[in-house]
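Asks: As you go down the protein sequences, you meet chains E and W in turn.
Count the first sequence with my numbering and you get residues 1 to 301, in order.
Count the second sequence with my numbering and you get residues 1 to 103, in order.
A portion of the hints provided could be inaccurate.
[Stated by the list, open to error] Quick look at which bits of chain W chain E covers, simulated, 3 or more residues with Cβ under 8 Å: (1) 30-40; (2) 65-78.
[Unchecked claim] Incomplete in silico selection of chain W near chain E, CB under 7 Å: (3) 89; (4) 91; (5) 93.
Because the hints were derived from the structure by calculation, they are not lab data.
Glycine included, every Cβ here is placed at the ideal spot set by N, Cα and C.
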Amino acid sequence: MFDIIIIGAGPAGLTAAIYARRAEKTVLVLEAKSYGGQIINTPDIENYPVCPHISGFDFATGLYEQTKALGAEFVFEKAVDIINGEKIKEVVTEKGKYQGKTIIIATGSENRKLGVDGEDRLIGRGISYCATCDGAFYRKKTVAVVGGGNTALEDALYLSDIAEKVYLIHRRDTFRGEEATIKRLKEKTNVEFVLNSTVTSLNAEKRLTSIEVKDKDGKVTQLFVNGLFVAVGRIPETQNFGKTVNLDESGYVVAGENCITNADGIFVAGDNRVKSVRQLVTATADGAIAATEAVKYINQF
Amino acid sequence: MAVIKVGKENFESEVLNSEKPVLVDFNANWCGPCKMLKPILDEVAEERSDVKIVSINIDDEDELAEDYSVYSIPCLVLFKNGAEAKRSVGLIPKAEVENFINE
Ligand SMILES: Cc1cc2nc3c(=O)[nH]c(=O)nc-3n(C[C@H](O)[C@H](O)[C@H](O)COP(=O)(O)OP(=O)(O)OC[C@H]3O[C@@H](n4cnc5c(N)ncnc54)[C@H](O)[C@@H]3O)c2cc1C
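So here's chain E without its partners, still in its complex pose:
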């Protein structure tokens, strides 16, 4: 049995592991994919204290190595359920079961899909969720970005320097993003705003060739695009834990800054928690707090 089982090896989970190991608790980290979480997708982080520039890969690898050196154990399996016993808690994975005295859920979030037919099949064939990752493939091509928040605006701006033409599709006529970015976008001659519109279908042969958008009056327009960048937000990866801990209506785990959930001995850390700023610093801060609270919980017995 482990003192602490951490689900998710992103910045929050790995930082929790550091604090837990330094408090001399045994730690198992369960990870569905690969260590690092979302941040591995970004080529340059510029807002983490002390690091004016670091790639997401280097950040993740440094954090992982620090955690390993402190003696945390890693198992690469996806957690599918929690059995919340009073003294012994179990995390069920796709392959096995692991027992712990406490659990920290640090599963982060994943890209929200558009939900249009053919989307999954076209990922990597014209559909992308990451402009900084895949933008380079669309040099001098026509692309569309769909979404209305900061990510969509920044993606459109980034792509406008690479692609021939960028459509920015949004279902409302106002954006939720920063004014400065909107202003810069409006100054770009190759960016066209397609407002009050939603993407209704994807047309493809071997790859995406065009999309159809419908405006609020029901008028359908076909846009010929080589790529569609989906930036309609993220959803917390908490589906498997909703019967164990309270979630809000969007699926985020309900807990305050102390990272304590409604379930005794179960803590939450990172982007999957109800909060207003989802960044590395807040994720790592949660990791430290959740681990410290877990240690306190264990030590009271």
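With chain E's structure known, arrange chain W with the ligand on it following the hints.
Replies: For chain W with the ligand alone, kept in the frame of chain E given last:
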């Protein structure tokens, strides 16, 4: 066997004319998820002799990337008898790489 670096000049001999199935990893130096996938593929390559694993840098080999319609990386394409059998886009864990080759 180690992962072999492949380019336009040896794509035909190493991939299309291969007796064994070939797992092609399209990647780039600036792509974080590709770098995470690399050690996983190295391991699988060392462990298995029934499949050849090759790596293609899309910045050096943009024609190959274009020919095979690669528009997101990492992108794994499994070739059997000189033709694409299937593909997988994005970082996947080792068990899924193995399933991808097996199924
Ligand atoms: C493209 C991009 C650029 C960004 N740039 C910046 C930036 O410059 N500065 C900044 O501060 N922030 C940035 N962020 C945000 C930052 O990456 C997140 O705030 C941070 O990664 C959250 O950490 P986390 O550990 O809570 O979650 P995540 O990073 O999402 O990690 C969660 C981990 O849990 C794993 N997991 C999920 N479900 C399960 C399960 N059931 N079982 C086992 N494992 C599971 C996932 O595979 C993942 O590895 C960026 C995000 C993106 C997408």
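Asks: Can you give the numbers of the hints that this structure goes against, from lowest to highest?
Replies: none
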